[in-house]
Amino acid sequence: MRPNHGGESARRQNGEALRFDLKDSPVRELNRALHERGAEGRSIRVANPGGKHNVAVGARFRGEVFIDGHVGYYCAGMNQNAAIVVNGNAGPGLAENMMSGQVRVKGDASQYGGATAHGGLLVIEGNAAARCGISMKGADIVVGGSIGHLSAFMAQSGRLVVCGDAGDALGDSIYEARIYLRGKAAGLGADCIEKPMEASHREELAYLLDQAELGGMKAGDFRRFGSARQLYHFQIDHLGAY
Amino acid sequence: MSAKIDRSWLAESHTFPRPVIREIQRAAREGIYDIRGFGAKRRLPTFDDLLLLGASMSRYPLEGYRERCETRVVLGTRYAENPVTIETPVTIAGMSFGALSAQAKEALGRGASEVGTSTTTGDGGMTAEERRHSNLLVYQYLPSRYGMNPDDLRAADAIEIVVGQGAKPGGGGMLLGQKITERVAGMRNLPEGIDQRSACRHPDWTGPDDLEIKIQELREITDWKVPIYTKVGASRPFYDVQLAVKAGADVVVVDGMQGGTAATQEVFIEHVGIPTLPATRLAVEALKEAGVHREVQLIVSGGIRSGADVAKALALGADAVSIGTAALIAMGDNSPELEEQYNAIGSSAGYYDDYQEGRDPSGISTQDLDLGKRLDPETAGRLVANYLRCLTLETQTLARAAGKSDVRNLEPEDLVALTVEAAAMARVPLAGTAWVPGAVK
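Those protein sequence lines, which keep their order, are chains A and B. Heads up, the final residue of the first sequence is numbered 242 in the numbering used here, and it's a clean run with no missing numbers. Heads up, the final residue of the second sequence is numbered 441 in the numbering used here, and it's a clean run with no missing numbers.
Hints are not guaranteed to be accurate.
[As the list claims (entries may be wrong)] Quick list of simulated restraints, FRET-style, between CB atoms:
no.: 1; chain 1: A; residue 1: K23; chain 2: B; residue 2: D209; range: 21 to 31 Å
no.: 2; chain 1: B; residue 1: C390; chain 2: A; residue 2: A186; range: 52 to 62 Å
no.: 3; chain 1: B; residue 1: G207; chain 2: A; residue 2: A199; range: 45 to 55 Å
no.: 4; chain 1: B; residue 1: E81; chain 2: A; residue 2: S100; range: 23 to 33 Å
no.: 5; chain 1: A; residue 1: G183; chain 2: B; residue 2: I32; range: 37 to 47 Å
no.: 6; chain 1: A; residue 1: H233; chain 2: B; residue 2: D370; range: 18 to 28 Å
no.: 7; chain 1: A; residue 1: E40; chain 2: B; residue 2: C390; range: 50 to 60 Å
no.: 8; chain 1: B; residue 1: R42; chain 2: A; residue 2: H233; range: 26 to 36 Å
no.: 9; chain 1: B; residue 1: Y351; chain 2: A; residue 2: H233; range: 24 to 34 Å
no.: 10; chain 1: B; residue 1: S335; chain 2: A; residue 2: Q235; range: 32 to 42 Å
no.: 11; chain 1: B; residue 1: E182; chain 2: A; residue 2: D21; range: 42 to 52 Å
no.: 12; chain 1: A; residue 1: A199; chain 2: B; residue 2: R382; range: 21 to 31 Å
no.: 13; chain 1: B; residue 1: K41; chain 2: A; residue 2: E40; range: 51 to 61 Å
no.: 14; chain 1: B; residue 1: R22; chain 2: A; residue 2: G51; range: 52 to 62 Å
[Said to hold, decoys possible] Rough simulated footprint, nothing fancy, chain A against chain B, three-plus residues with beta-carbon under 8 Å:
no.: 15; region: 190–200
no.: 16; region: 203–214
no.: 17; region: 219–231
Hint data in this document are derived by calculation from the structure and do not stem from the laboratory. Since we're looking at a predicted model, the values are computed, not measured. Glycine is no exception: its CB is placed at the ideal position from the N, C-alpha and C atoms.
Same shape as in the complex, but just chain B (with noise of 0.2 Å):
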C-alpha cells in the first residue's frame, strides 16, 4: 500500500502541465501528430467579451412579440440574376457527405429548410438526399474537386469558393480511410479504405488575379444565375476580403479560428487563424473601405452558438452567421444521453471530438451504416429547425431591445467591451470608458 501524499506540497508547472506531459508521452509512443475533430478548445476572445447596450432614455426600445423586426437576408445582389434570400440570418455552414452521415447531412437540409434558410454541401461532392431535402443549397468548390460536376454546380443555389477554412487556414482537408467507405470512396473517385488527403490549393489557380477569372468561369457555366461566395480561413481578413471584392464575390464568408473540423491535427486547430471576433470587424473594415458594405454581404462563422453571438457579429457589421458544430450539437453530438456510449469508446459527453475515428455514438460524425441509423433524420431535422428558431426569437429579442426594426441595423454603437483586449479587437470602448484601444483618430 503506498503512503498517502499530501498533494498541497506538490507544484505542477505552469509550462509542463499533466495533459502537456500526457501529448508529449503519446507523440513519443505514436510518432505522429494528433489528429481530432472539432474546433479550437482554448480559451479565446469571443462575442461573450461584448455586451449590447439595451435602449433606455436616449433611445427607445421596440415591443416584443408585438413590432416586427425583420430578420430576412438577401444574400448575392452584386451580379447574380437569382440572389438567395434566407428567413433568418443563420445559415448551415459546409460539411462534407464522408465527415458526416446521409442522415445528418438530410437532416440539416431538413433543419434549415424549415426555418428558410440554407444549407452547404462540403468536399465530397453534393448528394441527391441532401439536394431534394435542401430548399436553398449552397455548393462548395474546394480544391479537391471531388464529386465537382457542372450539372451539380447548375442544381445548386449558390457557389462557394473554398479557399480556406477556420479550423486550418492554408491546410488541406483529410478524410482517414475508416470513413472511406465504398459510397464515400466512389463519389470521390479513390480506392476504398485509403487515408484520403485534400489539397490545400485549387489546382487550376492561385492568387486573386486568377481568382477573378475562375469566378467569371464559373458565372458563366451557371448562366449568371447564382450568387457565388468566396470562403476564407481568418487569418488576414482585411486583405483577403479586399481581394475576394476585387475578384468578383458576390458574398464573402470568413471562418474564424474556431470554426469547427471533421479531422485536421490539434497543432494546426490550436495554433494557426485568428478568433472570430477580430476577423469579423476586420473583414467589415474591408468592406467599408473598398465602398462595398452591404454590397457584398458578409457571413461570419466559427464558434456561433447563441442569439447573443447572431447579434453581436450583425452588429459589428456581419450581415449573417453560419453554424457547423452548434447544428450537430443540436442533433445530439456530445449529449449526456449518450455518457456510456462515450466511456465505451473512450471519451465522455462533452469532450468528444474523435470525429476522424467515424465511431460517432449519436450517428452523426460516421460512416458506418449501422451508427449512422441511429439518427433519424426527421427528428434531427425538427431539432436544427428548432435551435435556429431559438437563435432567431434571440437575435430578434436582443435587436427590439436596441429598438432595432431590422436585426441588420444592429450597429458597433450598441457594443461596449468587458476587457481590453476585446475592445482592441472589436474596435469598441471598454465599458463604462470611452476608451477604443487601439484606434487611431
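The shape of chain A in the complex, shown without the other chains (with noise of 0.2 Å):
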C-alpha cells in the first residue's frame, strides 16, 4: 500500500538532532530525509524501529543516524555515505548492496547481511546468520561473533573479517575476496582454500579491525582463505566441484 506521507513524526531537540519516532509512522519520512546529502556532521536519532523493515534504506545523508532498537529486513539497504547505527539487532539483508559509508550493529544479524555490497563497512558486533557477504562486490565486512553457512557464496570483492566461527560452505565459488576467519570453518566450499598470511594481509587485516573498534584482536591469530581459481573456466574435469 501506499504509505500514509501525513503526520508529522520527526522533531528538533535542542536544535541538534533530527529525531524520528517510528512508533506510529511508516518509514517513509525517515527514508526521505534521509536521501537529503545535507551537511556534514548532522546526526538523526531514530526512536522506536520496532523491527519495521526498510528503515534508512537509501540514504545519502553524509552524517549519523542512530537507531535505538531492533530493525527488520533491509536495514540501511544501498547505504551510501551516511554513518548507521543500530542500537540493536538485525533482520535479514543487513546493509545490502552498500555503495560507502559505515553500518554499525550492536547485536545480531540475520540471513544474507552485506550481501552484494560494493564499499562502505559493515560492522556486526554479535553473531550473522547465514550467507553473510554474500556475492559481495568491494564492501568490508566485520564480525564480532561468528556466521552461518554459505557465508561469501560467489564473493567478488571485498574483505570479510569473522572473529569467530564460521558455518558449512565458508566462500563457497568466490571469486577475488579475502576472508580472515579467526576460530574454525565448518567446512569450506568449492574453490575456496586457506591461503598464506603475509606482512600485507596482516596489515590490512589490523587496519580493519582497528577500523571496526572491537578491540582484543590480534592479528597473528587469524588464518585467510581465497579462491583456488580453478572454477574461473569451466572445465569437464571439475565436475565434482559444483
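Can you join these two chains into the complex? Each is in its own frame, and there are hints to help.
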C-alpha cells in the first residue's frame, strides 16, 4: 500500500539531532530525509523502530544515524555516505548493496548481511546468520562473533573478517574477495582454500580491526581464505566440484 | 570410388536421426553440454495457431488510415507516482551490455526512443550510452546485482525485478570468458576473461513474502516514483503472476519459452518452461481472478515477430509485448548479406546462434571492438524504429478490421484456433466449432 505521507514524526531537539519516532509512523518520512545529502556533521536519531522493514534505506545523508532498537529486513540497504548505528539486532539483508559509508549493528544480524555490498564498512558486533557477505562486491565486513553457512558465496571482492567461527561451505565459488577467520570453519565451499598470511595481509587485517573498533583482536590469530581460481573457466574435469 | 547407394532403401530412425547422432557424438568428444544463444528452435504451439475474426455483418470495421486506433499504453498505474507511457504496445526486452555490443545497446535505445517506447538494461548494469539514448529506460534488478547501484536505480524510468527468463526459468545467467573484456569485467567487478556465472536466485530474498518487502525497499529508495515490474519465466504463470501481484508489482512480465538468451544450455532452452501462447492466457486468468486485470499491466514476451503476434497477445488480454530476438534480427542479425562471414565461423545466415562466442559478424552479440564497429548505431537504430512502426501498423490494421478503436479492445472473442492444442491452450474455440477444449462450464 502507498504509505501515509501525512503526519509529522520528525522533530528537532535542542536544535541538534533530527528525531524520528517510528512507533506510529511509516518509514517513509525518515527515508525521505535520508535521501537528502545534507550538511556534514548532522545527525538523526530514530526511536521505536520496532522491527520495521526498510529502515534507513537508500541513504545519501552525510552524517550519523542512530537507530535505538531492533530493525527488520534491509536496514541501511544501498547506503551511501551515512554512518548508521543500530542499537539492537537486525533482520535479513542488512546493508545489502551498500555503496559507501559505515553501518554498525550492536547486536546480531540475520541472514544475507552485507549481500552484494559494493563499498563501505559493515560491522556486526554480535553474530551473523547464513550467507553473510553473499556476492559481496568490494565492501568490508567485520563480524565480532560467528557467521552461518554459505557465507561469502560467490563473493567477488572486498574483505570479510570473522572473529568467531564460520558455518559450512565458507566462500563457496568465491572470486577475488578475501576472508580472514579467527575461529574454525565447519567446512570450505567449492574452490575456497586457505592461503598464507603475508605481512601485507596482517597489515590489512589490523587496519580493518582498528576501523571496526572491536578491540582485543590480534591479526596474528587469524587465517586467510580465498579462491583457488580453479573454477574460473569451466572444465569437465572439475565437474565434481560444482 | 565408393559404390552408389540407393538412399530410398535406407530408413532413418525417429529416435536417433542424424542431428541426434551428431549431438551424442559431440557430447562424447567434448564432455560438456552444448551452450548457445537465440531461443527455442523446436516446433511449438504459437500465435500462428490462432486466427483473428475480422468484422462483417454483426460487427463493423474501422476505416484504415482514417479512423483512429489508439496504441498508447500506460504502465505502472497501480502505485507509482510516474507511470511509463509508451506510444506503441511493443517494448524492447532486457538484454545486457556484455551479451550485446555497446553499439547494439545504443541502437536499441535510439530505435525505441524514436517511436516512443521503452528499452531495458540487462545483467551487468546500466551504461551511460544506453541511458543517454533511451528516453524510457527500464532498469533490470537481477540476482547477480552486477553493476547495481542506487544512482542508476534512481535514474531509471522503471525497475524490473527479474525472477526468471523464458529461455531458462530456474536458471542463472552465464557469459563466457570471450566476452568478459576489460570494460565488461569492470562493470561486473569480476576478473577479466573468466567464465561468468550469474546466480539463479536473488541473494537477499526467497519467496513472495520476502519479495513484498524487497519491492517496498526499492519503492522507498526511489521515493515511490517509478513503476516496479516483476519478470518471470513462463513455467507456472498462473501462480507466479498472482504471487507477483500479491507482492505489490505494478507490472508483471511473463516471458515464454521462445524468449531468447545470450548463452544457455541447449537442453535448458528446449526443454524447460511453457510456450508464450498458454502462458499469456494463464497470466490473464490470474490477473482476472485477482481482480487486477488492467490495474496491474501484463507484458508478454517470447517469440513475438509480427503485428499479428502482437494483436493476438493483446486479444488474449496482455497490455503490451516485448521483443528481443526480433529486434536483433531487425538490426541485421542472421542477415543473408553476411552469409560468407557466417560460413567463415562455421555457421550460416538463418542458423547462427552462437552468441556466447562473441564472434558475431553483424557486430551485435559481441564484445570484439572491431566487430562492434561494423554496427552503426544510428543506422541500426533507424532499422529498429522502422520495424517497431511496422509492428504497430500491423497491429492497428488487425484491430481496425475487428472494429476496435484501441488495440487493447481486442478480446478473446475475436480469436479462433486452428489446432485443438492451440484451442485448449488459448481457451478459444476451434475454428468452425464452438468447442473450447479443456474449458470447464
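*Kindly indicate which numbered hints from before are broken by the structure, ordering the numbers from low to high.*
12
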